[in-house]
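Chemist: Residue-level listing of the chains:
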Amino acid sequence: GAGVSQTPSNKVTEKGKYVELRCDPISGHTALYWYRQSLGQGPEFLIYFQGTGAADDSGLPNDRFFAVRPEGSVSTLKIQRTERGDSAVYLCASGDRGRGVAGELFFGEGSRLTVL
Amino acid sequence: AQKITQTQPGMFVQEKEAVTLDCTYDTSDQSYGLFWYKQPSSGEMIFLIYQGSYDEQNATEGRYSLNFQKARKSANLVISASQLGDSAMYFCAMRANSGYSTLTFGKGTMLLVSP
Numbered sequence: 034g035a036g037v038s039q040t041p042s043n044k045v046t047e048k049g050k051y052v053e054l055r056c057d058p059i060s061g062h063t064a065l066y067w068y069r070q071s072l073g074q075g076p077e078f079l080i081y082f083q084g085t086g087a088a089d090d091s092g093l094p095n096d097r098f099f100a101v102r103p104e105g106s107v108s109t110l111k112i113q114r115t116e117r118g119d120s121a122v123y124l125c126a127s128g129d130r131g132r133g134v135a136g137e138l139f140f141g142e143g144s145r146l147t148v149l
Numbered sequence: 003a004q005k006i007t008q009t010q011p012g013m014f015v016q017e018k019e020a021v022t023l024d025c026t027y028d029t030s031d032q033s034y035g036l037f038w039y040k041q042p043s044s045g046e047m048i049f050l051i052y053q054g055s056y057d058e059q060n061a062t063e064g065r066y067s068l069n070f071q072k073a074r075k076s077a078n079l080v081i082s083a084s085q086l087g088d089s090a091m092y093f094c095a096m097r098a099n100s101g102y103s104t105l106t107f108g109k110g111t112m113l114l115v116s117p
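In the order they appear, the protein sequences are chains A and B. Using our numbering, read the first sequence as starting at 34 and increasing by one per residue. Using our numbering, read the second sequence as starting at 3 and increasing by one per residue.
In isolation and in its complexed conformation, chain B is listed as follows (with noise of 0.2 Å):
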């Protein structure tokens, strides 16, 4: 079984801030993936960022990154120079990489970004 903790419901950012968004996983499975999604208030859940589990370098796409620690199973989301529109939920998600798996998400984090 897959598990993903979030454990802040909320967060707070000023704008062209940083913010690390947390997320750690428990898995038992040696191949996997880290996914990031955001949902704005519209609903739709946006794909951000994937780091593989036998990536050796974080991830990054644009002012996303993603901050993999293996032996601390955690997967931070590191969101650079905030922007008022990242105002969103943000999840955290994995799936192994194995026959037919499903994605598992955390609770999420709500970030806001204040002028």
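Next comes chain A alone, as it looks inside the complex (with noise of 0.2 Å):
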């Protein structure tokens, strides 16, 4: 499709598991956006690569979480030593400031990772 595709769906791991998510943007988009929405919470920023690069990995709770974009297309979300507070709904956006009004961005319909 032409949208933003993000496997899986649905992850349900125990508590000290490994776990990738995985995000697959627009073709062409240059910009990729982690963000984690925790139940009736706003998303919140976890981190944005520009190309192949993380330019901004501020968001990322702590060193648990560590995500990838090695040919600047597909990104993967690692989280180690998952802990029930983990628990949410991963959403993965793309865009391109060269595109659309402002360059807003594409969201996926996320995954939902749930910790047990």
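Hints should not be assumed to be uniformly reliable.
[To be verified] In silico DMTMM-like cross-links for lysine to aspartate or glutamate, where the CA-CA straight-line distance does not exceed 25 Å:
{"id": "1", "chain 1": "B", "residue 1": "Lys109", "chain 2": "A", "residue 2": "Glu47"}
{"id": "2", "chain 1": "B", "residue 1": "Lys18", "chain 2": "B", "residue 2": "Asp57"}
{"id": "3", "chain 1": "A", "residue 1": "Lys50", "chain 2": "A", "residue 2": "Asp129"}
{"id": "4", "chain 1": "B", "residue 1": "Lys5", "chain 2": "A", "residue 2": "Asp119"}
{"id": "5", "chain 1": "B", "residue 1": "Lys109", "chain 2": "A", "residue 2": "Asp89"}
{"id": "6", "chain 1": "A", "residue 1": "Lys48", "chain 2": "A", "residue 2": "Glu77"}
{"id": "7", "chain 1": "B", "residue 1": "Lys18", "chain 2": "B", "residue 2": "Glu58"}
{"id": "8", "chain 1": "B", "residue 1": "Lys5", "chain 2": "A", "residue 2": "Asp129"}
{"id": "9", "chain 1": "A", "residue 1": "Lys111", "chain 2": "A", "residue 2": "Asp90"}
{"id": "10", "chain 1": "B", "residue 1": "Lys5", "chain 2": "A", "residue 2": "Asp89"}
{"id": "11", "chain 1": "B", "residue 1": "Lys5", "chain 2": "A", "residue 2": "Asp90"}
{"id": "12", "chain 1": "B", "residue 1": "Lys109", "chain 2": "B", "residue 2": "Asp24"}
{"id": "13", "chain 1": "A", "residue 1": "Lys44", "chain 2": "A", "residue 2": "Glu116"}
{"id": "14", "chain 1": "A", "residue 1": "Lys48", "chain 2": "A", "residue 2": "Glu104"}
{"id": "15", "chain 1": "B", "residue 1": "Lys72", "chain 2": "B", "residue 2": "Glu17"}
{"id": "16", "chain 1": "B", "residue 1": "Lys5", "chain 2": "B", "residue 2": "Glu19"}
{"id": "17", "chain 1": "A", "residue 1": "Lys48", "chain 2": "A", "residue 2": "Glu116"}
{"id": "18", "chain 1": "B", "residue 1": "Lys75", "chain 2": "B", "residue 2": "Glu17"}
{"id": "19", "chain 1": "A", "residue 1": "Lys111", "chain 2": "A", "residue 2": "Asp89"}
{"id": "20", "chain 1": "B", "residue 1": "Lys18", "chain 2": "B", "residue 2": "Asp31"}
{"id": "21", "chain 1": "A", "residue 1": "Lys44", "chain 2": "B", "residue 2": "Asp31"}
{"id": "22", "chain 1": "B", "residue 1": "Lys109", "chain 2": "A", "residue 2": "Asp90"}
{"id": "23", "chain 1": "A", "residue 1": "Lys111", "chain 2": "B", "residue 2": "Glu46"}
{"id": "24", "chain 1": "B", "residue 1": "Lys109", "chain 2": "A", "residue 2": "Asp119"}
{"id": "25", "chain 1": "A", "residue 1": "Lys111", "chain 2": "A", "residue 2": "Asp96"}
{"id": "26", "chain 1": "B", "residue 1": "Lys109", "chain 2": "A", "residue 2": "Glu142"}
{"id": "27", "chain 1": "B", "residue 1": "Lys5", "chain 2": "A", "residue 2": "Glu77"}
{"id": "28", "chain 1": "B", "residue 1": "Lys72", "chain 2": "B", "residue 2": "Asp24"}
{"id": "29", "chain 1": "B", "residue 1": "Lys75", "chain 2": "A", "residue 2": "Glu116"}
{"id": "30", "chain 1": "B", "residue 1": "Lys109", "chain 2": "A", "residue 2": "Glu77"}
{"id": "31", "chain 1": "A", "residue 1": "Lys44", "chain 2": "A", "residue 2": "Asp57"}
{"id": "32", "chain 1": "B", "residue 1": "Lys109", "chain 2": "B", "residue 2": "Asp28"}
{"id": "33", "chain 1": "A", "residue 1": "Lys44", "chain 2": "A", "residue 2": "Asp129"}
{"id": "34", "chain 1": "A", "residue 1": "Lys111", "chain 2": "A", "residue 2": "Glu142"}
[What the hints assert, rightly or not] Incomplete in silico selection of chain A near chain B, CB under 7 Å:
{"id": "35", "residue": "Leu72"}
{"id": "36", "residue": "Gly75"}
{"id": "37", "residue": "Ala87"}
For the record, the hints were derived by calculation from the structure and aren't laboratory data. Glycine included, C-beta positions come from ideal geometry on N, C-alpha and C.
Fit chain to chain and form the complex, with the hints in mind.
Modeler: Here is the structure:
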């Protein structure tokens, strides 16, 4: 499809396990963002990629969280030693300041992570 | 740092009526953009409307309009002629128009449209 694709849509894991969440952005979009949305809250910024590099990772809560975008397209968010507090919907968005209305972001449907 | 405040956790409106969703913001940036997104129960964030800080006219997009009052730092969303399909969470967000900048969201307002 032409939109942002996120997999898996749902992930249930046990405390202490490692998880990977994948984001496939809109083709040609250079900017890619990861957000975390807890129940009843707005999305909270985690990390922003411009191309292959992380332009801003100030939102990552701790060193258990890491994200890569090796070829400037698909990105993977990696969470080590998961904790129950990591349970949330992880949203990915892509954009291009040269396109659209002031470069608005296009979001995927999110990956819902549940840590038991 | 940027901050978005949405003071209405929930709003109710009858079908075909207009509704205003409040948003105030705080930033030290001179040039910035304000956005509204809709999030239905499916979870996807859908872009609705954008207002640039230097735009002199309020943005409009179909039934959506943005009541931008720069001096008061407010960017309220007005939905005219509400429809049942408008029931969703609505998020106000902003981003500085400089370098690498991220989109900062408010906590959202749940809108319920009744028949």
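Chemist: So, for every hint listed, does it hold in this structure?
Modeler: Verification of the hints:
no.	hint	in the structure
1	B:Lys109 - A:Glu47	violated, 28 Å
2	B:Lys18 - B:Asp57	violated, 29 Å
3	A:Lys50 - A:Asp129	violated, 34 Å
4	B:Lys5 - A:Asp119	holds, 23 Å
5	B:Lys109 - A:Asp89	holds, 22 Å
6	A:Lys48 - A:Glu77	holds, 22 Å
7	B:Lys18 - B:Glu58	violated, 29 Å
8	B:Lys5 - A:Asp129	holds, 23 Å
9	A:Lys111 - A:Asp90	holds, 13 Å
10	B:Lys5 - A:Asp89	holds, 18 Å
11	B:Lys5 - A:Asp90	holds, 18 Å
12	B:Lys109 - B:Asp24	holds, 12 Å
13	A:Lys44 - A:Glu116	holds, 14 Å
14	A:Lys48 - A:Glu104	violated, 31 Å
15	B:Lys72 - B:Glu17	violated, 30 Å
16	B:Lys5 - B:Glu19	violated, 30 Å
17	A:Lys48 - A:Glu116	holds, 5 Å
18	B:Lys75 - B:Glu17	violated, 29 Å
19	A:Lys111 - A:Asp89	holds, 16 Å
20	B:Lys18 - B:Asp31	violated, 38 Å
21	A:Lys44 - B:Asp31	violated, 39 Å
22	B:Lys109 - A:Asp90	holds, 21 Å
23	A:Lys111 - B:Glu46	holds, 21 Å
24	B:Lys109 - A:Asp119	holds, 18 Å
25	A:Lys111 - A:Asp96	holds, 10 Å
26	B:Lys109 - A:Glu142	holds, 18 Å
27	B:Lys5 - A:Glu77	holds, 12 Å
28	B:Lys72 - B:Asp24	holds, 14 Å
29	B:Lys75 - A:Glu116	violated, 38 Å
30	B:Lys109 - A:Glu77	holds, 10 Å
31	A:Lys44 - A:Asp57	holds, 17 Å
32	B:Lys109 - B:Asp28	holds, 14 Å
33	A:Lys44 - A:Asp129	violated, 29 Å
34	A:Lys111 - A:Glu142	holds, 18 Å
35	Leu72	violated, 11 Å
36	Gly75	holds, 4 Å
37	Ala87	violated, 10 Å
Taken one by one, the earlier hints fail for this structure at numbers 1, 2, 3, 7, 14, 15, 16, 18, 20, 21, 29, 33, 35, 37, listed in ascending order.
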